[in-house]
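Asker: With these hints in hand, go ahead and build the complete structure from the sequences.
Protein chains: 4
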Amino acid sequence: MTLQAIALNGSLKAADAEETSSTDRMIGVIGDELAKHGVALGETIRLASRNILPGVSSDEGPGDDWPDVRRRILAADLLIFGTPIWLGQMSSVAKRVLERMDAFLGETDDQGRMPSFSKVAVAAIVGNEDGAHSVTASLFQALNDVGWTIPAGGACYWVGEAMHGTDFKELPQVPPKVAETAAMLASNAAHLARLLKAERYPGT
Amino acid sequence: MTLQAIALNGSLKAADAEETSSTDRMIGVIGDELAKHGVALGETIRLASRNILPGVSSDEGPGDDWPDVRRRILAADLLIFGTPIWLGQMSSVAKRVLERMDAFLGETDDQGRMPSFSKVAVAAIVGNEDGAHSVTASLFQALNDVGWTIPAGGACYWVGEAMHGTDFKELPQVPPKVAETAAMLASNAAHLARLLKAERYPGT
Amino acid sequence: MTLQAIALNGSLKAADAEETSSTDRMIGVIGDELAKHGVALGETIRLASRNILPGVSSDEGPGDDWPDVRRRILAADLLIFGTPIWLGQMSSVAKRVLERMDAFLGETDDQGRMPSFSKVAVAAIVGNEDGAHSVTASLFQALNDVGWTIPAGGACYWVGEAMHGTDFKELPQVPPKVAETAAMLASNAAHLARLLKAERYPGT
Amino acid sequence: MTLQAIALNGSLKAADAEETSSTDRMIGVIGDELAKHGVALGETIRLASRNILPGVSSDEGPGDDWPDVRRRILAADLLIFGTPIWLGQMSSVAKRVLERMDAFLGETDDQGRMPSFSKVAVAAIVGNEDGAHSVTASLFQALNDVGWTIPAGGACYWVGEAMHGTDFKELPQVPPKVAETAAMLASNAAHLARLLKAERYPGT
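Chains as they are written, first to last, in this note's numbering: chain A, 1 to 204; chain B, 1001 to 1204; chain C, 2001 to 2204; chain D, 3001 to 3204.
Quick caveat, the hints were computed from the structure, so don't treat them as lab data.
Restraint-style ranges between C-beta atoms, simulated for each label pair:
#1 D:3105 x A:165: 38 to 46 Å
#2 C:2068 x B:1108: 49 to 57 Å
#3 A:43 x B:1197: 48 to 56 Å
#4 C:2197 x B:1068: 56 to 64 Å
#5 C:2105 x D:3171: 18 to 26 Å
#6 C:2165 x B:1170: 17 to 25 Å
#7 D:3020 x B:1171: 52 to 60 Å
#8 A:43 x C:2180: 32 to 40 Å
#9 A:65 x D:3171: 43 to 51 Å
#10 A:43 x C:2165: 46 to 54 Å
#11 C:2177 x A:43: 32 to 40 Å
#12 A:75 x B:1169: 32 to 40 Å
Ideal Cβ placement from N, Cα and C applies to all residues, glycine included.
Answerer: Pasting the structure below:
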């Protein structure tokens, strides 16, 4: 069974910016590991390039790109939620997506299951320094609230030493510990997504 | 000495929306108390009505409303940072403002002082249920990182019982405990802002 | 296949205290729901009644009760992590257990799997007012770091209105929303624990 | 006017342990800077060496060391709250102290002022990797809830690169950025503590 993954990149920069993205690099590291377990990473949606309106419904009206992004996310089995860290916290662009997923709480089926049920989410987090555990906490709490399942070791991150300014994309190679973490994350996420796709949560 | 306060409302709704805002009500409660201590609350900036671009510089180019909002904030002595709670966290609209303040870190004077130094910030937080302490934590950490001073008891909030849906604006009256908290917050914030305006941090 | 659950109660009060525990009541609500799905809740360990020494190893020497508690936790398939909220955060007693689980990071098997791998954890959180989402975030981040898997909707909580003082144990009945949440949590947790027990994470 | 500071060290190790403490080193860095501003750092209380009982009152009975620690903290003008990071969070030993300060909420004078009012708190945080911003957030929210005032730039921290194991005490010298941060923190904290000692919050 081949599984489908999709990634969100919560960078503050739009995709047509000249600069490449450290978050994209981390998503790539995870995507490569997932491929070894039969999970195909399709597109990465650069959130800052889409017009995702503020709100907590699934469609905030004319010009809102969320309905399209939402549909793509829910077509996949596994979500890689990528975000940079600013001031020790996830980006406002990433946060906006969580808010829009709040609507899942009211979109349950007859067994009370949200559209995200039986799908797996993992975190891809990068920053110059500090904040990865806190972003993981905020992400997992919100994603889990709205129905996503978190596999063991569901976060992969890189940050530099305190108060440093190096970007993940500037590192000559992926640090071995990060590579190991990504490998285990991918193994766990693929396994769990496969189990849940074969046997969905029954609901209540 | 009369002091000047300004408020930010991080509601997901623009100001021209038909609905009133619970966050505005909380800002009003605090503003009324500040007035008793010689602090005049000027405008409340409804962030969702302004085009604050994603980024971490003080000017992200054409169409960016942040330079104007930034100027207004820094013209005041005291900031009331208002935000609703979604999924237990501050709004993406509020978060965006924190990101833009990241630039303060590089805008220091010869004594190393950021533009926010010697100014006081307080939090005005509302939600249907739960999340106020967490939003307070995220706000105070980020605001303090970028130079704001937090007076004793610097947050005033209201949330309903777990999993409830009542809005603060629907309450027939402001709960006595909230009113007491706002009164003390205002007394402390006014006192501290006055001390710091008279004797600014000397820097290094 | 019958599954075994164990619960931790992070109350600040020891079990021989005269007062009953709101956290125990929430654990009971979840335990009753789990029973409907073939999961037997064995003991609830009142952490404040055990002498769990500070540290980050699996045995901190003479008088340390953690080795016994650790063995009991790892003998179960599913963990209900219960904690009260103080100042919007989990208790120090609950926090101590997370610290002791830090040792799991170094106790991996040949496939890199921690002792907690393929086991499911859920949260049972109670407080007078506010803090449940934040405690959920801290708990899920830490538990997931050390190998636990979090099912969809993995937290059940109750808190009162802002600045109120009612305890969960004083409520005449469990609020319907809390009961619904517990029912869904139990359905999801039992399903996931069963899948993972039958097919463990393969590791790397 | 000479001011008095006191420090808490939330290390998991008792003071008679053979190992020195990274948290102590960070407290020392801040203490040295405070001395340049007329603030004398008296003792550092190694919390793990004292028997601080779980609870939320100011005296939990026989054997409780909190009443003594509490008295010493409140005799000072400025508190350096030091803690290591474990799993991205403050230590259980540090957390215990916050819980005990919960009692301040009920120990107000006729003007509604807690015993901590008009006193300044700063954070000294160290870890092998990541977590400083999150610990700052949790600390500032809780300390501010119970009456402490937070000066601009009130946290000084060091953490290593993601997933690294170096301790702050092992660094050959204090990194320049950390030294700069400590210098500014000390300047701000001393200034604010001096202002608030001369003119206390008036309360309500």
